[in-house]
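*Asks:* The primary structure of each chain is shown beneath.
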Amino acid sequence: MALKGLDIFKLTPKTNCKDCGSPTCMAFSMKVAQGALSIDKCPHMSPEALATLAAATEPPMKTISIGEHKLGGETVMFRHEKTYVNKNIFAIDLCAGMDDAAVDAKLAEVDKVDYERIGERMRVECVYVSVDAEHGADRGVAVVKKAAATGRDVILRCCDAAVAGEILKAAASDVKVLAGANGDNWEAMNALATEHKLVLGVCCKDLSAAHDTIEKLEAAGNKNLIINICADTIKDAFSFAVQIRRAALKDSDRAFGYPTIVNLSRLAPEDYTMQVALASLFTVRYGSVVVMGRMTYAEALPLFGLRQNIFTDPQKPMKVEPGIYPLNGADENAVLAVTVDFALTYFVVTGEIERSGVPTNLLITDAGGYSVLTAWAAGKFSANTIAKFIEENDIASKIKSRTLILPGKVAVLKGELEAKLPDWKIVVGPNEAIQLVRFLKDFK
Amino acid sequence: MPFVSKPRTFNASINETVLGVGDKAVTLGGMNTLPLYFFDAPAKNPPIVGIEITDVDGDFAAFPELAAFYEGAATIAERAKKAAAAEGAKFLCLRFEGADPAGLDRSAAECAAIAKEVAEAIDIPLVISGSKNVEKDAEIFAACAEATSGKNVLFLSAREENYKTVGAATALAYGQKVGAESSVDINLAKQLNVVMTQLGIAPANIVMNLGSAAAGYGFEYVASTMDRVKAAALEQNDNMLQMPVMTPISSETWSVKESIMAEQDMPEWGSQEERAVAMETVTASAVLASGSDAVILRHPKSVKTIAAMIAALL
Ligand code: B12
Ligand code: SF4
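The listed protein sequences correspond, in order, to chains A and B.
For what it's worth, our numbering labels the leading residue of the first sequence as 1, then goes sequentially.
For what it's worth, our numbering labels the leading residue of the second sequence as 1001, then goes sequentially.
Excised from the complex, chain B in its bound form (with noise of 0.2 Å):
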């Protein structure tokens, strides 16, 4: 018997979620194959990769290529610019990390002047996320989306502990984009989809972060969370499941050891620098195989080499 190749669609899509104002405004979702699955039908919308600066100044010391990719760059408009000219970077993702009350502890205030600093050096989409603390996100988040007004900027995200105030003060408020934040588990992303629509924030105004763990470190139940939220989303039609997903990548692996052990500390393992860029790329390509719309990433060659696989396989 021959072999006819039987493409599979459904009759269900993802939604389609923009980001962004202007020509280098993005969208996310839309599909109705499995994910990476552009055989079955073209890709509407190709997963994208976002770069990823923190509004901390990084410690480059271990890391010439990175080093070398912001030199020069002495203010945090500046490192935006260099990042958002990355190639294959669709978005940035300003990440305050100097946010968290356990560190730096950076007031709200000072976060929107940095996020307006930046929304006006960059023109591709901005996203911004959190310190992971949920009272302080959400004092942040408020006056980031007053700063960063009319950018339709997409804030990562709302939890269940916060996600009342962060979902009032960015979509609701401004019409900004919000991200669920669930931890690694179907029924919990859909709960939290549930009451934030229940709140009135509509559907296309919502990307779901379903949660993330480093290749190795528990990665199966990511992989298995997104296939499950998939299915749903598409064989089953299941309408509060059918946000896109953003995955940060890049919080996630750089804290791993294979990312931060030093060479000189394990020289057989070699340049570190290297770990750490195969790292976040092998967790960013298995996050896109099980169905992440867009990832988040930090090094300029793991976004140059995710971005000309993705491209490779439309």
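Pulled out of the complex, with its shape left as it was, chain A reads as follows (with noise of 0.2 Å):
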């Protein structure tokens, strides 16, 4: 957060001595709030005052690390004002009180699903492993090594440092979380995080507890942290995540500036069309990693896309270069689809493309990085534009067919094309690109 000069200016020690090159401490307090000067510059700042400031100037919220995965970090709470900066991830619990074919099968099932949607890999990042006391630590230490052994990060739930300690001496190295710290075992927890180098999960019942022994925790000088949901509803959990982000980011709470986890999997246990709807309203309100009971592809699809919408940089458009794209081997007698250089659209182009197996050059014009409605509602993407992207590519001399396939969407295109250019036949495709399979096969 920023300081005002006005509260740097009250940590100074006032005497106009100008060692700092400033003539007033007030001139040189208002130089540091505007971040032209740096605080070193005065040579008599006491201790506590340089604390004070240190504290102050410290992000509003957290980056926690969680194997390659950064989480927190974020600066604003909607992200039109600026940009969010670190995705939510998902994970799929499992307890240790499962049996092994149960503990096999599910994660069989969440490793089918991994695939690439505009150049980011979507799977489950995590694995979120709860073990009580009655389980005892063997169990747990096994059903952690399954877990590992996906490759994907381990989150362990256990509020029993006894049980914790005994299953990080046998499996510290495949863990990434420590979850389960409370107002009762938070210095065993913190011993077993910090020796084990781990992040430490601080369980959230209540608001107003986990604050406290976040306190406690950061007090004692643990700052990897971060909150685990354990509300017992829909309403709190939801609840807590929005406050938690809140109270970090509009009103400098430092104790609550830590990412979130979230177990939808207890919130509605079973309930997969529920955990769906709520992973998806902690997608876009501030849960940091996503427990659910399963994930297939029924369910990853619509969420990962979802998550990579919101995640996006407002500032900096999802752009891809124009050009040829040759696919499936094609020469230059493939017929020639036009599209627009909107990521999202050259990915679902291209994808549908491929899967025809049909050689085909995708022309890719500047459209402004819109997509194809988008575009022609910009008049980025028009029989002018269309017509010129061709004349000054001099696509005529690379491309041997004289085909060329138009989206459904801008069939009204047509005509005007054809007058442009009397060479090409024009030839209006499907509306949606998936339809572009069937239409490319029977189009040779």
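Rather than coming from a laboratory, the hints here were simulated on the basis of the structure.
None of these values were measured; they are calculated from a predicted model.
Some clues are possibly wrong.
Mimicking EDC-like on lysine to aspartate or glutamate, the simulated pairs with C-alpha atoms at most 16 Å apart in a straight line are [what the hints assert, rightly or not]:
1. Lys1006/B <-> Asp236/A
2. Lys112/A <-> Glu1235/B
3. Lys250/A <-> Glu1235/B
4. Lys441/A <-> Asp1265/B
5. Lys250/A <-> Glu58/A
6. Lys1006/B <-> Asp206/A
7. Lys169/A <-> Asp138/A
8. Lys197/A <-> Asp174/A
9. Lys1006/B <-> Asp253/A
10. Lys1006/B <-> Asp251/A
11. Lys409/A <-> Glu1268/B
12. Lys1304/B <-> Asp271/A
13. Lys41/A <-> Asp19/A
14. Lys62/A <-> Glu218/A
With the hints as a guide, bring both chains together as one complex.
*Replies:* In structure tokens, the structure reads:
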């Protein structure tokens, strides 16, 4: 959080000695507030004042690493205010009370969903393993090992410090997060997390108790935390997620400046449709690790797509380079299809053309990074722009085929394009890219 | 320092708009908190879920649950009755897909007859949506507004190109409600509300459709537009953006690849019906989190789930 000049001034010795090069302490403070000078230019600041300043200039929400994933580090409540920084990750839950067959089946199921969407690998990133005292440490170790063997980051949830300690003795290198610190066990859990260099998860059944525990942990020197929302109801879980984020970013409450875990499997056991609805809610509003009972393709496709959208940087358009993209081994004789340079459109359309197996040259025109209809409505994908692109890039000499397939959504451009490109046969393609597979196969 | 919850309410609130008549009439809007933040203040009128049927018989071959749900319904009135009885559905949306001049090109008179039949078959509020062809929609909305006069029906939507005719023929002539549809842009949304109120339509008779996209298909613009509209309405008390928002979800989500790819063409993706349900459920949930006061869904399972989620947040 940015400190105001006046706040900084209060911390200076107010002697106006000019050693910093500024005429007065006030002038110096104003420059520091603007970021023009750094505080160490004043040799007379007391250690207490420096500590206060360091705390005040810390980011409002810490960035916590779980394996290769970074969580938190957010600075705004809404993406349009700037951008969201770190996308949420998804986890699948396992319980040490499950038998081996059930554990294996669940892990095998989650392994089936692994694909790419616009350059991003889509798969469940984490496994959330719950171990209670009655399951015993041996069972805990066995399940943790199975989970880690899938190559995913493991979050171990165990509120019994003795059992957790035994599990970690045998399997610390398989675990990334130890979740289960609370008002009673925080000292022992803190010792374990520190010893094994793990992120420590703090149970949050109640906002003020969790806040308390975090303050104690921070005072003990641990700021490598994540808040595990263990509310019993959907209403409380959502309320906690929002209030934690709001306290951190709007009210500068550092104790809540950590990412969160929300376990949907607990909030809506076995109700996978409800879980997918909630996963969407927490993706949009402030869940950092979203734990689910399962993640089949049905759930993954919309959820990963949503996440990819929400966490794109609004300041950076998702564009691909205009040009000719030969697909399926297309040579100069293959048909030419035209579309826009919006990364999503490019991804969807190339995916379908590849699925058809039909050699096709895809022409990406410069359409400002907009979708087909948006670009059309903005005048960036018109008969004019397409014809101009074909001329300026001398497509006619690079491609022998004289057939140009238009996206169905801009069928209206056909007549005008025929007039502008008399040598070309203009064909209106289907509305949706998925229909291109049939269309291209039949077209041959 | 102990943590003290600081509920955040605004001095401004979203307009209240009533749809339908009688016991089952519903009120949209009214809240003075951010969307779904019922922990900040109790919900006045929680968001609601509507179920959609179209005037064209659906092909339910790939959707056994949907087929079972509508089994035995031979006429549109019977389908409407079954839909209206779906758990969680608080209103019915009749979409005139068949009015599209590029498709069946159903006449305005025919549409009006269907609208009347449906309005009489159900006791929950009715929303009528069009074919997305602006000229044709103006025609069918005019005919349907007359045929359903007195039922307090909402017409989705009037757009920049046809708001004068649609507004005059629905809200002004028959006191019906009208949706103001813009394309994912806060300035366009506001502008349309301004011109519609200048036409003489009371703000309380206007519902906004800010535009929609399926999850994964440019949804970030939808979410950010809604976030900005809510901020303008509540923080800046902009009364030209305080109309409640209704978002058609199914008409977007049921045409994306995730919902239409047949299971035999992509066996690893599994059941097509599950995919279609998940796609509309995820999109609906995200739209509600961003600020929609009502969503329109097609599958009874999605309707039930989203209604249950809203109830669980209260
Ligand atoms: C997100 C969005 C925006 C974003 C831009 C996002 C982007 N990068 O393009 C923003 C907010 C900036 C925007 C702006 C505008 N938008 Co806009 N926008 C949308 C929205 C919601 C989603 C678009 C999207 O991402 N689609 C997904 C991509 C993948 O779709 P696609 O490119 O069409 O590709 C599909 C097919 O066309 C096909 N396909 C693609 N290429 C090819 C090639 C071949 C050969 C074939 C066969 C098929 C094919 O495959 C794909 C999948 O099936 C749509 C509504 C909607 N739900 O679709 C409105 C929409 C496209 N926008 C619209 C409008 C009017 C505008 C504006 C003019 C409004 C304004 N604000 O002034 C502006 C124009 C921009 C400007 N003035 O600078 C209208 C267009 C109306 C029309 N029919 O002409 C729409 C349809 C909304 C509406 N219902 O009114 N928009
Ligand atoms: S060096 Fe420090 S004490 Fe001296 S004028 Fe600058 S700010 Fe004030």
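*Asks:* Next step is simple, just say for each hint if it's right about the structure.
*Replies:* A quick look at each hint next to the structure:
| no. | hint | in the structure |
| --- | --- | --- |
| 1 | Lys1006/B <-> Asp236/A | 15 Å, holds |
| 2 | Lys112/A <-> Glu1235/B | 46 Å, violated |
| 3 | Lys250/A <-> Glu1235/B | 15 Å, holds |
| 4 | Lys441/A <-> Asp1265/B | 15 Å, holds |
| 5 | Lys250/A <-> Glu58/A | 14 Å, holds |
| 6 | Lys1006/B <-> Asp206/A | 15 Å, holds |
| 7 | Lys169/A <-> Asp138/A | 11 Å, holds |
| 8 | Lys197/A <-> Asp174/A | 12 Å, holds |
| 9 | Lys1006/B <-> Asp253/A | 12 Å, holds |
| 10 | Lys1006/B <-> Asp251/A | 10 Å, holds |
| 11 | Lys409/A <-> Glu1268/B | 29 Å, violated |
| 12 | Lys1304/B <-> Asp271/A | 12 Å, holds |
| 13 | Lys41/A <-> Asp19/A | 8 Å, holds |
| 14 | Lys62/A <-> Glu218/A | 12 Å, holds |
Of the numbered hints given earlier, the model fails hints 2 and 11; all others are met.
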